[in-house]
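Student: For chain D, the structure is supplied; the task is to place chains H, L and V on it using the hints.
Here is how the chains run, residue by residue.
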Amino acid sequence: MATELAPAQLLTGGEAVAEAMCQIDPDVVPIYPITPQTPIIQGFAKAVADGRAHGELIDVESEHSAMSASIASALAGARTMTATSSQGLALMAEVVYIAASMRAPVVMALGNRALSGPINIHCDHSDSMLIRDSGAIQLFAENAQEAYDLTVIAPRLAEHPDVLLPVLVCQDGFTITHSAEPVTLLDDAEVREFVGEYRIPYPLLDLSRATTQGPFAMPDYYYELRRQQAAAIEGALGVFEEIAAEFAEVTGRRYGSVEPYHLDDAERALVCLGSTAGTAKDVVDELRAEGEHVGLLKITSFRPLPAEKIHDLLRTTDAVAVLDRADSPGGEPPLYAEVAVALSGEAPELRTYVYGLGGRDLHPEDLRQVFAGTAPHYVGLRNDVGLRSEPCPA
Amino acid sequence: MSRLKTLARRDAGMPPLRGGHSLCQGCGIPMVVRTVLNSIETPVVVISATGCLEVATTRYPTTAWNVPWLHVAFENAAAAASGVESAYRALRRRGGLPQEDELTIVAFAGDGGTYDIGLQALSGALERGHRFVFVCYDNQAYMNTGIQRSGATPFGAATTTTPAGAASLGKLQQRKDMTAIAAAHHVPYVAQAAAGPHWQDLSMKAARAAKADGPAFLNVLADCPLGWGHEARLSPSIVNGAVESRVWPLYEVDEGRYRLTYRPTQTMPVADWLRTQKRFEHLFRPEAAELLEEIQHHVDKDWTALLARCAMEEGDAPPAVDQGVRRRSVNAPASSAAPVSASTTATSTATLAP
Amino acid sequence: MKEIRWHARAGQGAKTASQLLALALLREGKSVQAFPEYGPERRGSPMRAYTRYDEAPIRRHDSIEEPDAVVVLESSLAHGPDVRAGLRPGGFLLVSSEQPLPGALCVPAVRIAPDSVNLVMLGALAAKLGEPQLDGLLAAAVELLGRKADADAIRAALAGGYAAVKEERWAA
Amino acid sequence: MGSLTGWRGLAPGGVVVRDEAEQPHTGGWRTGLRPAVDLELCVDCLLCWLYCPDSAVRLDGTAFAGFDLDYCKGCELCAAVCPTSAIEMVPDGD
Numbered sequence: 001m002a003t004e005l006a007p008a009q010l011l012t013g014g015e016a017v018a019e020a021m022c023q024i025d026p027d028v029v030p031i032y033p034i035t036p037q038t039p040i041i042q043g044f045a046k047a048v049a050d051g052r053a054h055g056e057l058i059d060v061e062s063e064h065s066a067m068s069a070s071i072a073s074a075l076a077g078a079r080t081m082t083a084t085s086s087q088g089l090a091l092m093a094e095v096v097y098i099a100a101s102m103r104a105p106v107v108m109a110l111g112n113r114a115l116s117g118p119i120n121i122h123c124d125h126s127d128s129m130l131i132r133d134s135g136a137i138q139l140f141a142e143n144a145q146e147a148y149d150l151t152v153i154a155p156r157l158a159e160h161p162d163v164l165l166p167v168l169v170c171q172d173g174f175t176i177t178h179s180a181e182p183v184t185l186l187d188d189a190e191v192r193e194f195v196g197e198y199r200i201p202y203p204l205l206d207l208s209r210a211t212t213q214g215p216f217a218m219p220d221y222y223y224e225l226r227r228q229q230a231a232a233i234e235g236a237l238g239v240f241e242e243i244a245a246e247f248a249e250v251t252g253r254r255y256g257s258v259e260p261y262h263l264d265d266a267e268r269a270l271v272c273l274g275s276t277a278g279t280a281k282d283v284v285d286e287l288r289a290e291g292e293h294v295g296l297l298k299i300t301s302f303r304p305l306p307a308e309k310i311h312d313l314l315r316t317t318d319a320v321a322v323l324d325r326a327d328s329p330g331g332e333p334p335l336y337a338e339v340a341v342a343l344s345g346e347a348p349e350l351r352t353y354v355y356g357l358g359g360r361d362l363h364p365e366d367l368r369q370v371f372a373g374t375a376p377h378y379v380g381l382r383n384d385v386g387l388r389s390e391p392c393p394a
Numbered sequence: 001m002s003r004l005k006t007l008a009r010r011d012a013g014m015p016p017l018r019g020g021h022s023l024c025q026g027c028g029i030p031m032v033v034r035t036v037l038n039s040i041e042t043p044v045v046v047i048s049a050t051g052c053l054e055v056a057t058t059r060y061p062t063t064a065w066n067v068p069w070l071h072v073a074f075e076n077a078a079a080a081a082s083g084v085e086s087a088y089r090a091l092r093r094r095g096g097l098p099q100e101d102e103l104t105i106v107a108f109a110g111d112g113g114t115y116d117i118g119l120q121a122l123s124g125a126l127e128r129g130h131r132f133v134f135v136c137y138d139n140q141a142y143m144n145t146g147i148q149r150s151g152a153t154p155f156g157a158a159t160t161t162t163p164a165g166a167a168s169l170g171k172l173q174q175r176k177d178m179t180a181i182a183a184a185h186h187v188p189y190v191a192q193a194a195a196g197p198h199w200q201d202l203s204m205k206a207a208r209a210a211k212a213d214g215p216a217f218l219n220v221l222a223d224c225p226l227g228w229g230h231e232a233r234l235s236p237s238i239v240n241g242a243v244e245s246r247v248w249p250l251y252e253v254d255e256g257r258y259r260l261t262y263r264p265t266q267t268m269p270v271a272d273w274l275r276t277q278k279r280f281e282h283l284f285r286p287e288a289a290e291l292l293e294e295i296q297h298h299v300d301k302d303w304t305a306l307l308a309r310c311a312m313e314e315g316d317a318p319p320a321v322d323q324g325v326r327r328r329s330v331n332a333p334a335s336s337a338a339p340v341s342a343s344t345t346a347t348s349t350a351t352l353a354p
Numbered sequence: 001m002k003e004i005r006w007h008a009r010a011g012q013g014a015k016t017a018s019q020l021l022a023l024a025l026l027r028e029g030k031s032v033q034a035f036p037e038y039g040p041e042r043r044g045s046p047m048r049a050y051t052r053y054d055e056a057p058i059r060r061h062d063s064i065e066e067p068d069a070v071v072v073l074e075s076s077l078a079h080g081p082d083v084r085a086g087l088r089p090g091g092f093l094l095v096s097s098e099q100p101l102p103g104a105l106c107v108p109a110v111r112i113a114p115d116s117v118n119l120v121m122l123g124a125l126a127a128k129l130g131e132p133q134l135d136g137l138l139a140a141a142v143e144l145l146g147r148k149a150d151a152d153a154i155r156a157a158l159a160g161g162y163a164a165v166k167e168e169r170w171a172a
Numbered sequence: 001m002g003s004l005t006g007w008r009g010l011a012p013g014g015v016v017v018r019d020e021a022e023q024p025h026t027g028g029w030r031t032g033l034r035p036a037v038d039l040e041l042c043v044d045c046l047l048c049w050l051y052c053p054d055s056a057v058r059l060d061g062t063a064f065a066g067f068d069l070d071y072c073k074g075c076e077l078c079a080a081v082c083p084t085s086a087i088e089m090v091p092d093g094d
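Residue numbers (the working numbering), protein chains in the order written: chain D, 1 to 394; chain H, 1 to 354; chain L, 1 to 172; chain V, 1 to 94.
For reference, chain D alone in the conformation it holds in the complex (with noise of 0.2 Å):
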């Protein structure tokens, strides 16, 4: 039943998103603003003051508090949407923990941002990786027509009865956030009918069966409630694949928790999140043209990981580069310890990179080197030789 396609827009990502959740119409909003996310929430809030989208909007006073209001709002009965970046992320993460747990369906604009210090406000993913176990799924959009795609997703996944948690579609701070690109959307009607009617199943405002939500546990539950919620978004991969395969219906647009690209004969891959997957696409595609059998993964849905997928699809490779977008001070990068892990016992060979912390660009010919495995563990960092225990010179 895949309809005519629109014709393409100009669009950043975030405006993108700030579309798609005009076109969801969510019933409560609570915004902070935040560099790179604030396009999303000053687009929605542009569309209420129009007219064309009919939530409630509060301007809350911090990223806790509209956490914290979403939870309440989400758990209340209410379709519930925010966006944040960076600092806001790190400062609710309190609450992405609580939202996770109580269960709350929340979708989440992430522009990924560095966390401080020093201060930058530019793309890095250690705001998600701050949150990674917080139980909050966490879908990553290679450009703005993902954005805005799993933006639509994201309300269905979230709601699922089998799934309920918060659903954070990030994007690239800048990269995508700001950057415009043609972008094709559904129309209003169509996201409305995708999406559906909210439903949860113990909403408080239901009077006629008074509930208490957020109690105490001890020793005794705790233990419990916790292997519940993991058990929760351990399913909502499958859950994932199948609202995806009806997404793909709609649009013809297909979307998986990882997307394979020239892995079938790969000899060499590479791992990675976000816009990053795009230019080494690029450079796959360059590096074939010379004869080299090279491919990607790219990973869709970071929480819930698809461990199972990425053995699969790379245990046959002979070596496997991860890229981290993020670095863990002390310890190995998470998304390559998540790989090695994936990957244990398996033959490839594994590298971990980190790059672009704080925006650092990264270009094709860094890409190029990491496949021929010349570029140093930090990529693109000045003065390094390429050993992970060289000081960083003066």
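Misleading hints may appear alongside valid ones.
[Stated by the list, open to error] Among the chain H residues that face chain D by a calculated CB cut under 7 Å, a handful are: (1) Y60; (2) T63; (3) V72; (4) N76; (5) A79; (6) A90; (7) G124; (8) L169.
[As the list claims (entries may be wrong)] Computed footprint of chain D on chain V, listed as stretches where at least three residues anywhere in the stretch have a Cβ under 8 Å from a Cβ of chain D: (9) 3–10; (10) 51–61.
[Claimed, not checked] Pulled a few chain D residues facing chain L out of the computed Cβ check, cut under 7 Å: (11) L10; (12) F174; (13) S179; (14) A180; (15) E181; (16) S275; (17) G278; (18) T279; (19) K281; (20) D282; (21) E286; (22) H363.
Quick caveat, the hints were computed from the structure, so don't treat them as lab data.
All C-beta atoms, glycine included, are put in the ideal place defined by N, C-alpha and C.
Tutor: For chains H, L and V alone, kept in the frame of chain D given last:
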């Protein structure tokens, strides 16, 4: 007593907060919670900040709440209330509510969750104008974690983080005037009330708060026998002592207009109130004599300032309590000194401990 | 793939010009990207914006280091070394200037439309690149700016810049 | 911990449905004394009901109807506030 019968009727065998919780024997909080909630005519939805009330009433998988109840965290009760209120308005507008009833959203937080860690979220919610009632049960310290000093702890009080010792006389800073801070948000209704014998005053204020067309804030003194250091059965008289000594004046700020709602008939020296609680016992050492004077001085100064805000002179009686429609007129004519008959009755039963 | 770098002061409309170019090219069936460079700078500070376009879908998301063309919306910015940095061999530098500058094509944009220098330079760039068509540029500008600006003024600025290059009326 | 529910049997998010939740008895907190009432003296003022922290004063409409000893923790507040001294604390078990 008709008001109490009204509350009992509203309770109708289904108290908003039922037994089976694990609050301390003689805890002052449940009375505040039930009196406030029973004074509200509509169904209520309750939000709690982390604190004694929250941990002791909702041990999973039990609950002591007969009404819908939500807890998210410590510092965000007002933000969570904002979310519930916004959801309620959005759903009501588009006909998405499970039922038609008018609701009142009530948030409860202790003084930590109000004066300190919860202040930012509270200030934001008050400024945004959400229609909800925020009730601070102010027991003047972090009781849930073991009686630590808060911004509400009064000058001179010993807590576990401001203990009295050879080199210390307890907390040596004045408490915040949280009621005034709330009033500075120019919200429709702000009031200071107390548990205990002045329950009728509290009930009247809760009813008014629920009817306010916007945010309402109630700062309710609720004793903590453990934290204040007195026998539980003496709670009514000790809370009453705070009112009678003018340490905790009862007043409201209705649409910006200050009004004293109870005026002590005789001035009780603050020292007589302090003496009733272990947390102040070190103030009766000889070396603390000056501190006692200072405390009395502060109470007198604050009382005079409050009277000025209420545009009253020392010796004036407070205007009569209006139980119905919200008053907008200037001071009503002076009537009897004790405006609330039930509270007089109750007071007589609860004599002050020696 | 063609890559354009725009230099201006924040507030002069370089971001808008970069997006208008992209939109007009998108309407001609190209794949496009337009993005500004962000920092803590505020109105008046030098800034850069970029446009990238290609026949094939653009997937890369790195910055533009070796542009095919550089457009400078204010002559005072044209002297810095960063303006020519990375300019590809065979590329060109287009500057809004009333005076000729060595190695640059100087368009007297202020004289053509003092309030719409960005549009004059956009028209000039399109003429020099040979794409997009002036009509497409006009349509894009009216679509994006229609509510904020008068269509005739938009047309005059774009067409003025376009004609200046076509007719080689450089600053002298 | 045999009587406790396993994780698959719990409502999502730890929601507790009032009508399905147990209400633990707290009568065991009493340490020897319980309230007793002399109904001859009781004037149904309801102050004991008002003050009771454990909602352990039962009402029949708006009349006093006894103590719920399953929940009474023996704090003595009811006896302290009773204006007619109708309530006194007596040894538990009597």
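Student: Take the hints in turn and mark each one as holding or not.
Tutor: Verification of the hints:
no. : hint  : verdict
1   : Y60   : 4 Å, holds
2   : T63   : 4 Å, holds
3   : V72   : 5 Å, holds
4   : N76   : 4 Å, holds
5   : A79   : 4 Å, holds
6   : A90   : 4 Å, holds
7   : G124  : 3 Å, holds
8   : L169  : 36 Å, violated
9   : 3–10  : holds (count 6)
10  : 51–61 : violated (count 0)
11  : L10   : 5 Å, holds
12  : F174  : 6 Å, holds
13  : S179  : 4 Å, holds
14  : A180  : 4 Å, holds
15  : E181  : 5 Å, holds
16  : S275  : 4 Å, holds
17  : G278  : 4 Å, holds
18  : T279  : 4 Å, holds
19  : K281  : 5 Å, holds
20  : D282  : 5 Å, holds
21  : E286  : 11 Å, violated
22  : H363  : 5 Å, holds
The structure is inconsistent with the numbered hints 8, 10 and 21, although it conforms to all the rest.
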